[in-house]
Each structure stands twice: as C-alpha cells, then as structure tokens.
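Residue numbers (my numbering), protein chains in the order written: chain U, 35 to 148; chain X, 6 to 120.
Keep in mind that the hints are not guaranteed to be accurate.
[As the list claims (entries may be wrong)] Facing chain U, from chain X, some residues (calculated, C-beta under 10 angstroms):
#	residue
1	PHE39
2	GLN47
3	LEU51
4	THR54
5	THR62
6	LYS71
7	ILE98
8	SER100
9	ILE105
10	PRO113
Hint data in this document are derived by calculation from the structure and do not stem from the laboratory.
Idealized CB from N, CA, C, for every residue including glycine.
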Amino acid sequence: GQNIDQPTEMTATEGAIVQINCTYQTSGFNGLFWYQQHAGEAPTFLSYNVLDGLEEKGRFSSFLSRSKGYSYLLLKELQMKDSASYLCAVRDVVVTGGGNKLTFGTGTQLKVEL
Amino acid sequence: GAVVSQHPSWVICKSGTSVKIECRSLDFQATTMFWYRQFPKQSLMLMATSNEGSKATYEQGVEKDKFLINHASLTLSTLTVTSAHPEDSSFYICSARDTIGGEQYFGPGTRLTVT
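All chains, please: the whole structure from these sequences, using the hints.
Have a look at this one:
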C-alpha cells in the first residue's frame, strides 16, 4: 500500500520561493509526480521524478530521494496564479490489473499573497 | 498534447437513478484508464482501474455493483453510478494511460450532484 503525506496548507508572498514537501511509504515505487489543481478543475501535470536528484522545469523544480522516501516541489518567482492545490502522487508497480496505479497525497493548498 | 475528455461535465440527478459518465482519449489509445473520486477539499481517491476488454479492478471499499465500469474500446471507458444517493455527490475524474508512451493524462472531471 501507499502512505503519502504533505502539509495541508501553505502561504507565501508573490515573487518569493516556496518548497512543498512530500514524504511517502510504498511497497513498490515506480516514480513520483507533482500535479497542480485549481478548484473545480482536473489536475495538470507539473513534474516527474523516478531517479534521485533534482528536475528543473522553468519556475518549477522537483527533487527526489528514494532512500528517504522524500520529495519536494520548489516554486520560484511566485505569481498570484500559482495559488492552487499541489498534489504529490506515487506510481507503484501493479502485477495484476493491467497497469501502474497513481496514488495521491492529500494535497497542499498554496495561497500566494501580495 | 494528449487530450482526455469527459462527458457530461456536470450532472444533477435524483436519488435512486443511475448516471453514466464517459471518458475518452481523443488522440491516443489507452489500454488502461483510471477512475478517481474527489470530495471537496480532499485529494483524489482511486476508485478503480479500467482495462480494455477485461474486468475493472476495484480499490478496497469501492462497490463494484454500484460503480459499473465498461472499457469497451481503446479510447472509451464509462462509469455508471447506479442507484445514486446524495453521498455519491462528488467530482469524478478519469485518467487515461497512453498505451505507447505510458504517460497518464487527466480528463476535466464530472461534477455529480444527487438530490
């Protein structure tokens, strides 16, 4: 099974940097994803890590340490539109059922203020 | 990029009736699709994994007779909520996994309200 933890809420200032942490415990690991979700909308893909280290994509970076069961999402130069829920999701290896499953954390609601 | 559509985007139904939600991958084939449910201010909870041409795999606690899943083609999966109750009111999101590339794409979601 999966156990994924994230802070419930965070607040940051426009233009600043914020780091959202995610810890996980899993019986099988096949990658970690970060998604952004605005209220009433489906999640949109931000990043994917399967090996240890940092993946950078514009203002967003994501880090993974498999030995520690830990990841973080780093958002730079925060904008008001970055106010959203950020979901950490772990993909496991499913032998039966035909495909890998994504299990989501509870999500971190980020509020960007002026 | 790859697009997944859901229909309807929102639906209101009366308690005791059934509602069907469609999920389509528009420009790729998806052997596997996933159905999630999300209650307000909560995260996505996987309900079932839908496999083309075979039975769906349900997560623990999800009633397979209540949430009927059919994945009849490589681009279409349907979720039917049978004998809906107000507690079934939720945001239902499907996700399709590209058979070739393995990427998983999300649909826009369907908001179900049972009165």
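Status of each hint after checking the structure:
{"no.": "1", "hint": "PHE39", "in the structure": "7 angstroms, holds"}
{"no.": "2", "hint": "GLN47", "in the structure": "7 angstroms, holds"}
{"no.": "3", "hint": "LEU51", "in the structure": "6 angstroms, holds"}
{"no.": "4", "hint": "THR54", "in the structure": "5 angstroms, holds"}
{"no.": "5", "hint": "THR62", "in the structure": "4 angstroms, holds"}
{"no.": "6", "hint": "LYS71", "in the structure": "19 angstroms, violated"}
{"no.": "7", "hint": "ILE98", "in the structure": "5 angstroms, holds"}
{"no.": "8", "hint": "SER100", "in the structure": "7 angstroms, holds"}
{"no.": "9", "hint": "ILE105", "in the structure": "13 angstroms, violated"}
{"no.": "10", "hint": "PRO113", "in the structure": "5 angstroms, holds"}
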